[in-house]
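Could you put the whole structure together from the sequences, leaning on the hints where they help?
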Amino acid sequence: MKKNFHKRTCLFCGYCAQGHKFAGLERSMAINMESKGKKLSGRLLILSAGIVAGILILGAGGIAIWKNKANGPAAFDAYMDTMFKEDIVENTINLHYTLAHPENFGITDYEISLGSFTPEDFKENYRELEKIRKRLLQFNKKKLSGDQQLTYDIVLDYVETELSAKDLVLYTEMLGPATGYQAQLPVLLAEYTFRTKRDIEDYLALLSKVDEIAKQMILFEQEKAQAGLFMPDYAADAIIGQCEEFISKPEENYMIDVFNDKINSFEGLTEEEKEDYQKRNHDLVTGEIVEAYQTWINGLNDLKGSGTNELGLCYYENGKEYYEYMLKASTGSDASVKKQKKRIEKYIRDYYQKIYTALSENPEIYDDIMEYRLPDMEPEAVLKDLTAKIGEDFPDPPKVNYTIKYVHPSMQENMNPAFYLTTPVDDIENNLIYINPKHFKTDSEEGSNLYATLAHESYPGHLYQNACTVSSNLPLIRNLFSFTGYSEGWATYVEFEYAYDFAGEDEVLADLIAGNEAVLLALSAYIDIGIHYDGWGREDVTEYLEGFGVANPDAVNEIFDFIVEEPGSYLSYFIGYIEFLDLREMAEEELGEAFDVKQFHDFLLRTGPAPFYIIEDYMQEWIEEQK
379 MKKNFHKRTC LFCGYCAQGH KFAGLERSMA INMESKGKKL SGRLLILSAG
429 IVAGILILGA GGIAIWKNKA NGPAAFDAYM DTMFKEDIVE NTINLHYTLA
479 HPENFGITDY EISLGSFTPE DFKENYRELE KIRKRLLQFN KKKLSGDQQL
529 TYDIVLDYVE TELSAKDLVL YTEMLGPATG YQAQLPVLLA EYTFRTKRDI
579 EDYLALLSKV DEIAKQMILF EQEKAQAGLF MPDYAADAII GQCEEFISKP
629 EENYMIDVFN DKINSFEGLT EEEKEDYQKR NHDLVTGEIV EAYQTWINGL
679 NDLKGSGTNE LGLCYYENGK EYYEYMLKAS TGSDASVKKQ KKRIEKYIRD
729 YYQKIYTALS ENPEIYDDIM EYRLPDMEPE AVLKDLTAKI GEDFPDPPKV
779 NYTIKYVHPS MQENMNPAFY LTTPVDDIEN NLIYINPKHF KTDSEEGSNL
829 YATLAHESYP GHLYQNACTV SSNLPLIRNL FSFTGYSEGW ATYVEFEYAY
879 DFAGEDEVLA DLIAGNEAVL LALSAYIDIG IHYDGWGRED VTEYLEGFGV
929 ANPDAVNEIF DFIVEEPGSY LSYFIGYIEF LDLREMAEEE LGEAFDVKQF
979 HDFLLRTGPA PFYIIEDYMQ EWIEEQK
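Quick note, the sequence shown lines up with residues 379 to 1005 if you use the numbering used here.
Everything labelled a hint here was simulated from the structure, so no lab data went into it.
From the three backbone atoms N, C-alpha and C, an ideal C-beta is built for every residue, glycine too.
Mixed in with the good hints, there may be bad ones.
[Unchecked claim] Taking CB as the label site, the calculated pair distances span: (1) T574 - D525: 29 to 37 Å; (2) E749 - D932: 25 to 33 Å; (3) P628 - E651: 23 to 31 Å; (4) N679 - D804: 42 to 50 Å.
[To be verified] DMTMM-like mimics (lysine to aspartate or glutamate), calculated; alpha carbons at most 25 Å apart, straight line: (5) K732 - E924; (6) K575 - D639; (7) K720 - E966; (8) K724 - E966; (9) K587 - E601; (10) K698 - E508; (11) K976 - E966; (12) K509 - E538; (13) K627 - D589; (14) K732 - D884; (15) K509 - D531; (16) K777 - E758; (17) K509 - D535; (18) K509 - D525; (19) K587 - E653; (20) K544 - E508; (21) K976 - D774.
Right under this line is the structure:
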């Protein structure tokens, strides 16, 4: 049984957008005035879920001590530690990206695996979830320490959330244009760090298993088709096109060049060893990898026409139920769909009011908004600038290094504008940020949003949050979870609340520009709910967007297709963002003059990724300590 507890599969936190724009959306769409022909950059935030292995499935970690009925703190720590060690070895990519040196954690013997994706494996994982839940409930939570209680709450909540969807396995989608396995695997393999010879051998062994995984996924898609749950043809075509592009020139595949460079710089290898490794990699990339992507191409082509629905999830029998689960799991918020809609509506209304007030006080600010451009700086200069400016409101970050790389041309069409590749928990010093040149054209009328994008990805966004949280020494078991509502919500929060101020604009203008960008995200999240829960079709989306000045049919079709292909993609960004705003407002109201924003951020970072309703409970204790 290939267990998979691992939810740390958001290995790279991809910045939104995917390059999708409301092509006709004016910067003044929230002002409802003539825009003088200026266009809004209007990037739409798209979740890069990093689907690498488990798709939210928990494995049978901890079964080795199942018979241990002790319920005290020591037994709890032992149970969490055993769960971590048993689960992390079930997928070698997850192991490698989570622990740089597994031997330091007593992990030396593991089978090379990419996991398993058969429907029966999913069902078995749910059976193991039931066992884990039963064992957790045997612990007396009151006897645990404060940190242990937090871990207990997080793990139990995760288990129960996943069990709520145990009868909806076939609604899971592992393939997708942006967040699909096939889209993100090449980068994860290309960036597989070689620290030892064993890492090289593990990597080559992984390549030999990709076609096996591709076949399992196609079998899974066949079961989905038999249940009437196969994707729309246009979604299949997008994935097929992506796969065809990736293997169109096997001899020029960037996985060959990247591997060769890493081998040439690896110390301690003889020339003969280097040549042998490079030949083996070449043969696997041009053989096994090409075969795997051809398996996806052929399998999806064969299934085209078997889909029964080209609209939202709600048109499937249990689609609304699945969407409710996905909303909670991806955002970390337990608010109902109805309440989430009201929250989004309120945010948009409040922004309208804010901008009308600003215009009444200073009509010239309209021209400032229309002419606004973020600083045009090189990436390294942006990161240096951001690092220098975060000290007033954020705790000092751990001293780490970072490298900026650019997405290979063969992957630029479907890859996110930028993403941060998370570090192993025992090696946070070496960080990697990818930029997709396709999405940043500094000579365009719209200018470049690179400054705000890098604030989202680096400081004080993903890189900063990851480094601070990991350095706070969370229990290992918690490093298995990504909680994208927290991670993407944090990055969106610091982008909209700080990046435009950091860029040098006055407070009022920065607030209006950031708010306009946030409203674009709010619209996307609202449309997501409209399509997948309320049953909106293209005409409904068109009518909704026309109310905000968007009348471009191509833009409407683009956003509609993407949201159908990638349900929930915008939710973790926007819902996570407003959850952080709500937490801050709550702390400010209760503490008054005693509120210290740096201490507030420190609390959030030390608490680490978790559902927001759990964070709120523990924040009450923090608030009492601050009084």
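Compare the distance between the alpha carbons of K720 and E966 with 25 Å, and conclude whether the hinted pair is satisfied.
Within the cut-off at roughly 23 Å; holds.
Restraint status (C-alpha distance of K732 to E924 at most 25 Å)
Holds. K732 to E924 sits at ~21 Å (cutoff 25 Å).
Taking 25 Å as the top limit, are the C-alpha atoms of K976 and E966 close enough?
12 Å, holds
Assess, step by step, whether the Cα of K732 is no farther than 25 Å from the Cα of D884, and give holds or violated.
16 Å, holds
Distance restraint evaluation - E749, D932, Cβ atoms, bounds 25 to 33 Å
26 Å, holds
Between the alpha carbons of K587 and E653, is the straight-line distance 25 Å or under?
22 Å, holds
Just to be careful, I want the Cα atoms of K509 and E538 compared with a cutoff of 25 Å; is the pair within it?
12 Å, holds
Between the beta carbons of N679 and D804, is the distance compatible with 42 to 50 Å?
Hint holds: Cβ distance 43 Å, inside 42 to 50 Å.
Given the hinted pair K509 and D525, is their alpha-carbon gap at most 25 Å?
23 Å, holds
Is K509 within 25 Å of D535, Cα to Cα?
At roughly 14 Å apart (the allowed maximum being 25 Å), D535 and K509 satisfy the hint.
25 Å Cα cutoff - pair K575, D639:
Roughly 15 Å separates the two Cα atoms, so the pair holds.
Distance restraint hint 29 to 37 Å, applied to the beta-carbon atoms of T574 and D525:
33 Å, holds
Comparing the model with each earlier hint shows no violations; every hint is respected.
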